[in-house]
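K.L.:
If you want the building blocks of each chain, they are given just below.
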Amino acid sequence: MSLAFDDYGRPYIILRDQGQKKRMKGLEAYKSNILAAKAIANTLQSSLGPKGMDKMLVSPDGDVSVTNDGATIVEKMEIQHPTAKLLVELSQSQDAEIGDGTTGVVVLAGKLLEQALTLLDKGIHPLKISDGFDRACDVAIKHLEQIAEEIDIQANDHEALIQAACTALGSKVVSKRKRELGKIAVTAVLDVADLTRKDVNLDLIKIQTKTGGSVEDTRLISGILIDKDMSHPQMQKEVTDAKICLLTCPFEPPKPKTKHNINISNAEDYNKLYQQEQQYFIDMVKLVKNSGANIALCQWGFDDEANHLLLQNNLPAVRWVSGTDVELIAMATGARIIPRFQEITPEKLGKAGSIKEVQFGTSNERMLVIENCQCTKAVTILIRGGSQMIVDEAKRSIHDAICVIRNLIKDNRIVYGGGSAELACALQVLQYADEVSSVEQYAVRSFADALEGIPSCLADNCGLNPITSVAQAKSRQLSEKNPRIGIDCMDLGTTDMKEQRIYETLSSKKQQIQLATQVVKMILKIDDVIAPDDY
Amino acid sequence: MDIVGNVLPQVLKDEATEDKGEMARLQSFVGAIAVADLVKTTLGPKGMDKILKPTGPGQEMTHITVTNDGATILKSMYVENPAAKILIEISKTQDEEVGDGTTTVAVLAGELLREGEKLIQKRIHPQHVIAGWRIARDVALKRLRDISTENDINSQEFHDDLVKIARTTLSSKLITSDRNYFADLCVKAVLRLKGSSNLDYIQIIKLPGGTIRDSYLDDGFILKKQITIGCKRRIENAKILVANTAMDYDKIKIYGTKVKVNSMDKVAEIEAAEKEKMKHKVDKILKYQPTVFVNRQLIYNYPEQLLADSGITVIEHADFEGMERVAAATGAEILSTFDAPERSQQVLGHCDLIEEIMIGEEKMIKFTGCKKNEACTIVLRGASTHILDEVDRSIHDALCVLITTVKNKRVVWGGGNSEMQMAAACEEEAKKVQGKQAFAIEAFARALRQIPTIICDNGGYDSAELIQNFKVELQKGNNTCGLNMTDGTIGNMSELGVKECLRVKEQALMAASEAAELIMRVDNIVKCAPRKRERA
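In order, the protein sequence lines correspond to chains A and B. For the first sequence, counting from 1, position 472 maps to 472 in full-length UniProt numbering; every step adds exactly one. For the second sequence, counting from 1, position 326 maps to 326 in full-length UniProt numbering; every step adds exactly one.
It should be emphasised that the hints constitute simulated quantities derived from the structure, not laboratory data. Heads up, some of the hints might be wrong.
[Claimed, not checked] Computed cross-link-like contacts, BS3-like style, restricted to lysine-lysine with a CA-CA straight-line distance of at most 30 Å: (1) K20/B <-> K31/A; (2) K128/A <-> K142/A; (3) K237/A <-> K122/B; (4) K521/A <-> K498/A; (5) K25/A <-> K142/A; (6) K277/B <-> K289/A; (7) K287/B <-> K25/A; (8) K471/B <-> K122/B; (9) K272/A <-> K142/B; (10) K409/B <-> K255/A; (11) K225/B <-> K239/B; (12) K142/B <-> K257/A; (13) K85/A <-> K20/B; (14) K85/A <-> K532/B; (15) K284/B <-> K289/A; (16) K287/B <-> K272/A; (17) K395/A <-> K225/B; (18) K260/B <-> K272/A; (19) K188/B <-> K272/A; (20) K255/A <-> K275/B; (21) K75/B <-> K395/A; (22) K228/A <-> K287/B; (23) K188/B <-> K407/B; (24) K85/A <-> K377/A; (25) K258/B <-> K255/A.
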């Protein structure tokens with residue numbers, strides 16, 4: 001650490017505990033930051049594209065997960081380097097905003113940083129680089145919007161949506177069944193989508209996992225699946241035309257929150273209190289029964305006596321339903337959540353076509369299926385698979401697919417995948433570079449090179465020669481004026497991504513380029529890192 | 001070091017490791033194959049058992065387990081290797097889903113990866129291997145389904161099939177010498193369930209003493225409890241009231257209640273009231289006119305005496321499962337309140353005879369001639385608890401398979417027949433496929449063929465010769481041939497009566513290939529720094 005000295009050679013202490021801190025300045029800081037960030041990007045690079053590989057992550061407690069999802073990988077890697085953490089957040093914000101393309105965004109940022117490193121070596125000031133990147137980014141985004149196409153999501157039985165979902169699922173371990181899973185995802189989203197408002201409430205899609213069977217057995221249940229069974233083993237297992245009473249109060253004597261004591265001082269009181277208690281249970285069950293409900297779902301537990309009274313009154317009930325499930329059921333069945341027994345009225349009951357208990361495997365686990373709900377259609381995707389790891393990965397993949405479909409419903413503009421959109425932007429940026437008269441020109445050109453990094457990375461992962469295939473695609477894009485030429489990852493014999501029907505949403509691509517540029521700019525602005533020495 | 005010569009900054013936490021490419025793959029293969037090799041000696045009728053010894057302080061040597069069950073072995077192993085963990089996971093899932101084939105699934109996944117490793121050494125990209133495996137799996141699955149047969153659920157053939165399946169499952173276990181006896185026993189138990197798949201209704205009671213042969217299926221239903229002293233030991237035509245209610249003292253559940261008195265008289269009064277309340281409850285129970293009263297919770301002397309005085313036999317402290325079984329067997333409703341005696345007919349359970357019996361040294365209560373005959377009991381006898389535990393696991397496996405078969409109904413021939421058929425299907429397919437995937441399809445066939453090979457090896461037979469003969473037999477169109485493990489020859493499975501449940505094979509194939517694919521796709525293993533544990 002550099003120090004300032006006074007006339008007598010004693011150091012000025014500027015920072016607290018200065019001796020124990022490490023400081024990096026100037027070029028050294030830039031390079032260290034860039035290298036750290038690049039290390040993350042390099043790890044993710046091999047996961048990109050349909051032939052990308054997976055990562056196996058072992059948590060601090062020894063749990064294993066295998067995934068292809070960029071956001072999950074970087075999250076579980078437990079990165080400690082501060083700059084590298086920026087990339088983690090980058091991937092996560094893409095996940096939060098778009099839900100897909102989390103790997104791509106990190107890889108792009110890595111490529112940009114790689115370019116920045118060479119520019120720094122040339123002696124170009126970091127701010128100039130970041131300025132140039134910024135301008136290039138604008139050009140790329142504009143061009144993306146130009147080449148984007150609107151697609152009719154309704155046409156041909158929502159074929160376009162299924163294709164987009166397939167593109168998202170193509171890189172995952174479940175890709176063998178991408179068509180089936182894609183269809184499930186599309187049906188699920190369309191079931192809950194509000195097409196007039198172009199809005200999809202993803203809360204209405206519940207993804208439930210259960211190990212056993214295989215990925216093929218994954219299915220869509222047009223209703224809600226809750227991981228609970230009837231409170232009494234002898235209650236009826238199936239209710240048709242269910243009128244649901246949704247309670248958030250326990251079937252127990254009330255427990256006032258005020259601290260109090262009921263003192264019993266004589267036998268009479270004792271008996272009275274006993275009568276009172278018995279009455280509570282009878283009243284509770286009566287109130288539910290009188291409202292016309294034929295099933296009670298409760299967020300809390302039941303007393304044994306109340307439980308039996310429910311059975312005796314032929315009123316199936318479920319206890320300990322989780323809070324989120326209660327809300328979901330309320331939304332789907334139109335039931336009002338009732339916090340007090342006194343407030344039960346027939347209008348507050350929810351309606352569903354049927355509720356039944358289903359069983360899985362040999363381990364005697366049961367779940368409840370609520371189908372044909374009266375209000376909005378809530379759906380559940382039940383994911384099956386041979387092991388916990390597969391099921392978890394399938395869940396993440398389906399989540400990605402669902403996000404893509406939602407984005408398409410919101411904004412039906414697409415660009416073509418397979419690296420074609422990036423290549424087209426790169427060409428446009430390159431053209432623009434010649435018009436820039438200042439130093440930024442180099443940065444703009446480098447931006448184009450970084451964009452080309454994506455298709456070359458795709459080609460690399462597919463076992464193609466990255467340089468030849470990118471060069472071929474580039475020249476064909478130019479000569480045929482066709483921005484849809486990309487990398488033929490699946491070896492289908494055509495490089496026109498429209499024919500291969502590789503759809504990606506415009507919003508996702510735009511977001512990727514913008515976010516990556518922003519983070520790179522941020523990293524380029526750091527010229528001084530002060531950290532504790534043992535870091 | 002970076003190519004430029006810069007020192008790479010540390011990105012991950014201390015102690016965290018990252019293995020890439022070949023290193024990562026090697027790690028996965030080694031781990032997965034090691035696990036598969038570990039359990040593969042238990043495969044087949046001549047497979048050996050393993051002793052599992054617990055580690056750590058406090059546990060005694062006597063807690064050892066002797067078992068042949070793949071899932072039990074794998075579950076109790078502590079492994080560090082992530083790929084090995086995946087194999088253990090699929091074995092567990094197999095256990096939960098179908099109950100048997102837990103060894104097969106781990107071995108198959110291991111063999112697939114062993115073949116995969118060879119392909120990778122030949123410089124074939126993992127994605128190509130996976131593509132080939134996917135084709136092979138579909139082909140194998142199709143063949144498996146094609147060769148399966150289905151019989152009507154009520155026919156004698158189906159019943160015979162069940163016995164054969166149970167026998168096949170049990171043949172690899174400790175009780176192989178008595179498998180006919182136990183197969184029969186299991187089938188009878190499962191058929192009593194009448195299509196329901198609730199294994200809870202089959203109770204297994206383990207009692208050390210006697211020999212394995214002395215085990216039996218009781219027609220009635222046995223509760224491992226005693227009849228309270230002073231009650232009749234034998235009740236004919238019993239009317240049973242099953243309850244889950246407090247019979248010690250009924251505390252008032254209203255929150256914050258406290259008894260506070262200031263004189264001895266008052267205490268006496270309260271006590272009297274309490275007694276009165278209990279008496280009231282007993283009176284209410286009596287109104288139902290039961291002859292037997294079974295309660296989940298304990299019963300204090302006072303109510304017990306009241307009930308006994310009225311000539312009611314009292315059984316207290318039946319646990320939750322026991323109570324549910326009693327309820328299921330006798331058709332009783334589990335009561336917690338007693339205010340509707342008019343429903344008496346509806347809620348009381350019936351059985352012809354309740355009596356106290358002695359099995360070995362222990363007294364139990366036996367219910368015969370129950371109204372609903374769903375629940376039943378298997379009484380296991382054996383020389384030691386280790387044997388009993390293992391018999392219990394074997395019976396559990398057999399019951400699970402039988403239940404699965406009752407649900408799915410389709411069966412295939414055993415003795416390695418299905419694996420060889422699938423392998424043959426894959427090899428035929430490999431001839432038609434263009435590209436490198438064909439190697440992977442052939443590899444898949446080899447992995448499938450490893451299962452019968454291992455079974456042969458475990459039996460001490462010349463596997464190379466047997467398997468080749470097996471292939472030839474199949475090629476001749478003899479679709480029911482399989483390994484005869486008593487003689488070490490190729491025999492006719494329909495004559496030997498070796499059948500297996502389709503669902504078990506299907507699940508094993510799917511789970512194993514899914515897991516192998518999952519492991520194959522990994523090119524990078526990141527291990528986070530282990531969480532620091534505070535040592536006390």
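K.L.:
Broken hints, numbered, in rising order?
P.N.:
Structure breaks hints 3, 4, 5, 7, 9, 10, 12, 17, 19, 22 and 24.
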